[in-house]
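If you want the building blocks of each chain, they are given just below.
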Amino acid sequence: MLRLEARAEPSYLMRWCSPLLAAALTLLAGLAIFWLLDKDPLEGLRYFLVHPVKDLYGVSELLLKATPLMLCAIGLAVGFRANVWNIGAEGQFMLGTVGASGVALYFAESDSALILPAMLAAGAAAGALWAAIPALLRTRFNANEILVSLMLVYVAQLFVSWLVFGPWRDPMGFGFPQTAMFHDAALLPVVLEGTRLHLGFPFGLAVLAAGYVFMNRSYPGFRMRVAGEAADAARYAGFSTRRTVWIGLLAGGAAAGVAGMMEVAGPMGQLTDKVGLGYGFAAIIVAFVGRLHAFGILLASLLMALLFIGGEQAQQYMNLPGSISLVFQGLLLFFLLGSDVFIHHRLRVGRAAA
Amino acid sequence: MTDRRQFLLSASAAALAAALPGSLLAQEATRIGFVYVSPIGDAGWTFQHDLARKELEAALGSKVQTKYVENVAEGADAERVIREFAASGHRIVFATSFGYMNYVERVARQFPQVTFLHATGYKSGKNFGHYNARFYEGRYLTGVIAGRMSKSKVLGYVAAFPIPEVLQGINAFTLGAKSVNPDVEVRVIWVNAWYDPGKEREAAMTLISQGADIVTQHTDSTAVVQAAEERGVHAFGYHSDMSKYGPKAHLTATTHHWGDFYTKTVNEVLAGTWKPAGVWGGFKDDMVRLAPLNPAIPAPVRDEVAALQDKLRTGGFHPFTGPIVDQAGKERLSAGAVMDDVALGKMDFFVQGVASRLPNAR
Chain E
1 MLRLEARAEP SYLMRWCSPL LAAALTLLAG LAIFWLLDKD PLEGLRYFLV
51 HPVKDLYGVS ELLLKATPLM LCAIGLAVGF RANVWNIGAE GQFMLGTVGA
101 SGVALYFAES DSALILPAML AAGAAAGALW AAIPALLRTR FNANEILVSL
151 MLVYVAQLFV SWLVFGPWRD PMGFGFPQTA MFHDAALLPV VLEGTRLHLG
201 FPFGLAVLAA GYVFMNRSYP GFRMRVAGEA ADAARYAGFS TRRTVWIGLL
251 AGGAAAGVAG MMEVAGPMGQ LTDKVGLGYG FAAIIVAFVG RLHAFGILLA
301 SLLMALLFIG GEQAQQYMNL PGSISLVFQG LLLFFLLGSD VFIHHRLRVG
351 RAAA
Chain X
1 MTDRRQFLLS ASAAALAAAL PGSLLAQEAT RIGFVYVSPI GDAGWTFQHD
51 LARKELEAAL GSKVQTKYVE NVAEGADAER VIREFAASGH RIVFATSFGY
101 MNYVERVARQ FPQVTFLHAT GYKSGKNFGH YNARFYEGRY LTGVIAGRMS
151 KSKVLGYVAA FPIPEVLQGI NAFTLGAKSV NPDVEVRVIW VNAWYDPGKE
201 REAAMTLISQ GADIVTQHTD STAVVQAAEE RGVHAFGYHS DMSKYGPKAH
251 LTATTHHWGD FYTKTVNEVL AGTWKPAGVW GGFKDDMVRL APLNPAIPAP
301 VRDEVAALQD KLRTGGFHPF TGPIVDQAGK ERLSAGAVMD DVALGKMDFF
351 VQGVASRLPN AR
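Protein chains in written order, with the working numbering: chain E, 1 to 354; chain X, 1 to 362.
Mixed in with the good hints, there may be bad ones.
[To be verified] Here are the simulated DSS-like pairs of lysine-lysine, each with C-alpha atoms no more than 27 Å apart in a straight line:
id : chain 1 : residue 1 : chain 2 : residue 2
1  : X       : Lys346    : X       : Lys330
2  : E       : Lys274    : X       : Lys199
3  : X       : Lys248    : X       : Lys178
4  : X       : Lys248    : X       : Lys151
5  : X       : Lys346    : X       : Lys284
6  : X       : Lys284    : X       : Lys123
7  : E       : Lys274    : X       : Lys67
8  : X       : Lys63     : E       : Lys39
9  : X       : Lys248    : X       : Lys199
10 : E       : Lys54     : X       : Lys67
11 : X       : Lys54     : E       : Lys39
12 : X       : Lys248    : X       : Lys153
13 : X       : Lys126    : X       : Lys67
14 : X       : Lys123    : X       : Lys275
15 : E       : Lys274    : X       : Lys123
16 : X       : Lys346    : E       : Lys274
17 : X       : Lys244    : X       : Lys199
18 : X       : Lys264    : X       : Lys284
19 : X       : Lys67     : X       : Lys123
20 : X       : Lys311    : X       : Lys178
21 : X       : Lys126    : X       : Lys63
22 : X       : Lys67     : E       : Lys39
23 : X       : Lys346    : X       : Lys311
24 : E       : Lys39     : E       : Lys54
Honestly, the hints are just simulated from the structure, not real lab data.
Let's have the full structure, built from the sequences with the hints guiding it.
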């Protein structure tokens, strides 16, 4: 008989090594997969991990891809730390694209420097508004925020579809589901000449820093953490559960909304019905692989972006199947959760002692 | 940056040339990249493009080397994939879905020596063009078959999104059916997805329950044909010959054939004669065909369809020939007139005979 026994004191060191261990195990499993697919494993890993960052342009693409992931993930982490389970960042992301696009289209004639800040504010507000629905239902009616936030993703998708097929459809676009391309004043400036890396990346780093200060260095952040780790203690200390829920969801919604704004004002340059690319869901993995910590999230978002682009290039150069990126993402989360189990528990052989 | 990479590339090519026997390099293969919007699978839009890629390889042999990336979302990621093809020495890139258009445009500006083509879009430039096929011609023919064979006079149509290409198909199907059977009606269910077998199946089941005895789809899976087989009604496939998914149900299919077009385009680019034009081919160009007809289709109907098909091939017939009246009773095309490509490309109405309403009717 095998059974798991909780460790009295999980090693602090190992808690931080767990993502590294998971990454190493993912690599090993990856080697095995390449070998099983009859591809040279080392070449596979090279295309997966090294080739995407072979030059400055590659690095810029990696940072570009990581930007929405880190933004969504840091917002989610604020809630997750307090056991507020916002699964709907994807929908909040889409609402962010809608808010930003609305500003860009409404002021299409203007080239004021205020357009981008207004788009940013509208994106954040729209994302937060979408997250306010599960917050309200949770605090008022005790409705499960996991279900509500998840279901709202599908509503958001239909809302975006309705907009781009209906009122916001580009009149010159032959009926395709897309808005007009944004004008220059509504596009984020590029920070690295010749690449697509835009102002969103440094902004994302600033948000990560702010997230760190809030979660680790502020009193409201401390209250959130206590609420997450010891709900009874938090209640005893008089910390408001409602406020925890509201802060957790609004932070997640606003951050995802900002990420959405940066996608339409950055590499897309318009709103289409294909705007939901899964960043909001991938960010859940990023948040956990990053240990719900700002610095960890930075690394995890880079790793996820690398796995994604690496999977693309493994296809492009080795004709591997397209699902390879998903397999790697899944492996990473699987090994992380697996490592965590053994860090918090001990495997025992035999019957439980009485 | 680019210069240095070019230099490194040519330097390594030179090193490679020194190391390899001459025969291998007698002719360096032209590299061609394909970007697919969905997984290849074994039927559907991307499957037909991949089939064409293989036909291209078979036709040009060692002159070409093709690579593809499947399941590339029509968002910012597409630009990276397209650019990577261009930057890594591919001379031609086929981006096989509408949503790649704006990304193709941007990359094409950065790589003037590479030729880009995107399917079903409408923009073009010095080194990028677009291509599509007149699927509505096949739809008209299947409509004729449906009009002749339907007993309930209700036809079901599962559709993805109300964009012009889909509306052309639904309207041509309806016009074809009504040309031989003025009483038929076509019911449409929108599934708001290109590929969602669950929803497509559910929509087909609903249509069949509403009395449709022939169903078809403008979505990407085989679910509708399978549903028809299960319920003992008839169906038309789309994109690919889907007869193996419903041997009894499958009457025929409007199938897509890009192989000759790809081969021709590559030859033109290699010869330096390629010009950025919008290509929109139909039966005449062999880009659209009907899959083999099911023996259940009566002989007179087969003859009728064959005659129409010949007319389409010679250009003697256009499915959108007036009078064309929309649902509201408004005449959209006067008697005898033929709809031009601009009007076709902007189609935003249902013809009379479609019983359902457009979702965004304005």
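Hint-by-hint comparison with the structure:
| no. | hint | result |
| --- | --- | --- |
| 1 | X/Lys346 - X/Lys330 | holds, 17 Å |
| 2 | E/Lys274 - X/Lys199 | holds, 18 Å |
| 3 | X/Lys248 - X/Lys178 | holds, 24 Å |
| 4 | X/Lys248 - X/Lys151 | holds, 17 Å |
| 5 | X/Lys346 - X/Lys284 | holds, 22 Å |
| 6 | X/Lys284 - X/Lys123 | holds, 24 Å |
| 7 | E/Lys274 - X/Lys67 | holds, 25 Å |
| 8 | X/Lys63 - E/Lys39 | holds, 25 Å |
| 9 | X/Lys248 - X/Lys199 | holds, 22 Å |
| 10 | E/Lys54 - X/Lys67 | holds, 20 Å |
| 11 | X/Lys54 - E/Lys39 | holds, 21 Å |
| 12 | X/Lys248 - X/Lys153 | holds, 20 Å |
| 13 | X/Lys126 - X/Lys67 | holds, 24 Å |
| 14 | X/Lys123 - X/Lys275 | holds, 14 Å |
| 15 | E/Lys274 - X/Lys123 | holds, 19 Å |
| 16 | X/Lys346 - E/Lys274 | holds, 21 Å |
| 17 | X/Lys244 - X/Lys199 | holds, 21 Å |
| 18 | X/Lys264 - X/Lys284 | holds, 15 Å |
| 19 | X/Lys67 - X/Lys123 | holds, 24 Å |
| 20 | X/Lys311 - X/Lys178 | holds, 19 Å |
| 21 | X/Lys126 - X/Lys63 | holds, 25 Å |
| 22 | X/Lys67 - E/Lys39 | holds, 16 Å |
| 23 | X/Lys346 - X/Lys311 | holds, 25 Å |
| 24 | E/Lys39 - E/Lys54 | holds, 21 Å |
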